[in-house]
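Take a look at the letters that make up each chain.
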Amino acid sequence: MIIIENLQKAFGGQEVLRDVSLRVKTGEFVALVGLSGSGKSLLLRHVVRLMRPDAGRVLVDGRDVALMPRRELEALRSRVGYVFQSGALFDSLTVFDNVAFPLREKTRLGESAIRRKVLEELDQVGLKDAEHKYPAQLSGGMLKRVALARTLVRAPEIILFDEPTTGLDPIVVNSILQLFDSVHKRLNLTGILVSHEIPEIFGIVQKIAMLHEGRIAAVETPESIRCSANPVIDQFVNGKPEGPIQY
Amino acid sequence: MIETLILWGTWGMQRVARLGKCTLFFGEAVGCCLTPPLKWDRVLKQIWFIGWKSMPVICLTAAFTGMVLALQGHPTLRRVGSEAFLGPLVALSLIRELGPVLAALMVTGRAGSSITAQIGIMRINDQIDAIQLMGLNPMRYLVVPNLIAFVVAMPLLAAVFDVVAIFGGYLLGVRVLGLNAGAYFGEMNNYVVIHDILNGFYKSMCFGALIACVCCYKGFNSRFGAEGVSVATTQAVVDASVLVLVWDYLLTALVN
Numbered sequence: 001m002i003i004i005e006n007l008q009k010a011f012g013g014q015e016v017l018r019d020v021s022l023r024v025k026t027g028e029f030v031a032l033v034g035l036s037g038s039g040k041s042l043l044l045r046h047v048v049r050l051m052r053p054d055a056g057r058v059l060v061d062g063r064d065v066a067l068m069p070r071r072e073l074e075a076l077r078s079r080v081g082y083v084f085q086s087g088a089l090f091d092s093l094t095v096f097d098n099v100a101f102p103l104r105e106k107t108r109l110g111e112s113a114i115r116r117k118v119l120e121e122l123d124q125v126g127l128k129d130a131e132h133k134y135p136a137q138l139s140g141g142m143l144k145r146v147a148l149a150r151t152l153v154r155a156p157e158i159i160l161f162d163e164p165t166t167g168l169d170p171i172v173v174n175s176i177l178q179l180f181d182s183v184h185k186r187l188n189l190t191g192i193l194v195s196h197e198i199p200e201i202f203g204i205v206q207k208i209a210m211l212h213e214g215r216i217a218a219v220e221t222p223e224s225i226r227c228s229a230n231p232v233i234d235q236f237v238n239g240k241p242e243g244p245i246q247y
Numbered sequence: 248m249i250e251t252l253i254l255w256g257t258w259g260m261q262r263v264a265r266l267g268k269c270t271l272f273f274g275e276a277v278g279c280c281l282t283p284p285l286k287w288d289r290v291l292k293q294i295w296f297i298g299w300k301s302m303p304v305i306c307l308t309a310a311f312t313g314m315v316l317a318l319q320g321h322p323t324l325r326r327v328g329s330e331a332f333l334g335p336l337v338a339l340s341l342i343r344e345l346g347p348v349l350a351a352l353m354v355t356g357r358a359g360s361s362i363t364a365q366i367g368i369m370r371i372n373d374q375i376d377a378i379q380l381m382g383l384n385p386m387r388y389l390v391v392p393n394l395i396a397f398v399v400a401m402p403l404l405a406a407v408f409d410v411v412a413i414f415g416g417y418l419l420g421v422r423v424l425g426l427n428a429g430a431y432f433g434e435m436n437n438y439v440v441i442h443d444i445l446n447g448f449y450k451s452m453c454f455g456a457l458i459a460c461v462c463c464y465k466g467f468n469s470r471f472g473a474e475g476v477s478v479a480t481t482q483a484v485v486d487a488s489v490l491v492l493v494w495d496y497l498l499t500a501l502v503n
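As you go down the protein sequences, you meet chains A and B in turn.
Residue 62 in the numbering used here sits at position 62 of the first sequence, with consecutive numbering throughout.
Start counting at 1 in the second sequence, then tack on 247, and there's your number in the numbering used here.
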């Protein structure tokens, strides 16, 4: 279970996260939406201590992430999968070596077992034939799939997606979101998905949290958020140019 | 007046803080070098990259340095009737000072800049964060192999530099200026002692550690975007080069 309590973060006097509180139950898949620059990715980075809060705390299974000693933090990070917006694949390694990297470094599996697992994961994301390619030879959608395969090969219990579908065409977006949905259902992962893909994400998450002006403006189910009376949510979800959100 | 003092004070404090951070970074890297697991495949790859791939530029620079030393030294020595000492002049200048320093400066430009840029790009593309999030320490993958490789490769490169430069001095002094080959090498044999060679060896190792530390630190702390990596690379080359010269002075003063 992930609990974020009264989280605050500012940069040079500019408050990005003012007072963020959010709960994600074990096995729950929550979408985090909000304007560009509202601090969604920043919030996600606090969950794995890539950032430390100015105030407030993040608890994962009851333990404060900011106070974890190094070994405990490494153990937590081993349980968490994080899919970056850019994919963050190692450009000097092939697709196969990228996916095999965590297995080679963190497990004692032999090369044949690693090969079997990697090809299995690449097959799951539909990229078995791309094993010899380098990241620079892949399309945006393929990069995201490889990044997902590299994350899943470690069998994480928690998965964090940081805008994994940004900049992709609608067909690829839907295929990747369906892939996330099937992974979530198959492995019963706890997940947070930062995304702008509305309404595409409505079908795959249990809850939607909207981050606005440094606070969680609402946490609702996809059904209730569609017809929310909150003018901020209504404007954002329906993409209305007029409303309380000023650009 | 007070405002100027505050500005200078702030500038000084920032420099001290940066130096402190860089020292802590170096300390952590050394700590990782002394504790397993070490990534020996990456260490060998970096020795090949830093050492072997720098050979052409080292040999070229060394040959011309040796020739210039002979060309400048010969007329001066002839004025006092000591042309026979051209060999020791070239050899001692190179082995004690010029070999380690010039090799370090050339390697900073060729390999150090490349390492800063590579680590900087990994930083801005979240690749370093990705390593951390696999529960691994990026220091072991990106800094330790470079640190060991620099410390191993620098004395070897300085030795190659010395040999090629002495040969360059021989070509010019003996083949062009007509000095006796026996005198060139014989006097060198009389004046160069093991202490001089060890002095150059230790200096090269220190320079290697220094370049690795500065270049990796700058890459690790690169700011975002292409400009951030570009600034980090420039700073790494300038800072490492200046530090090599300052450190050379301090070591020379200490040894002498």
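Treat the hints as calculated values from the structure; they're not laboratory data.
Treat the hints with caution; some may be incorrect.
As the list claims (entries may be wrong) - Result set (DSS-like, lysine-lysine): computed pairs, CA atoms no more than 30 Å apart in a straight line: (1) A:106 x B:292; (2) A:106 x A:128; (3) A:25 x A:128; (4) A:185 x A:117; (5) B:268 x A:106; (6) A:117 x B:286; (7) A:133 x B:292; (8) A:133 x B:268; (9) B:268 x A:128.
* Hint by hint, work out which the structure violates, then give me just those numbers in ascending order. => As far as the earlier hints go, 3, 8, 9 are violated by this structure, in ascending order.
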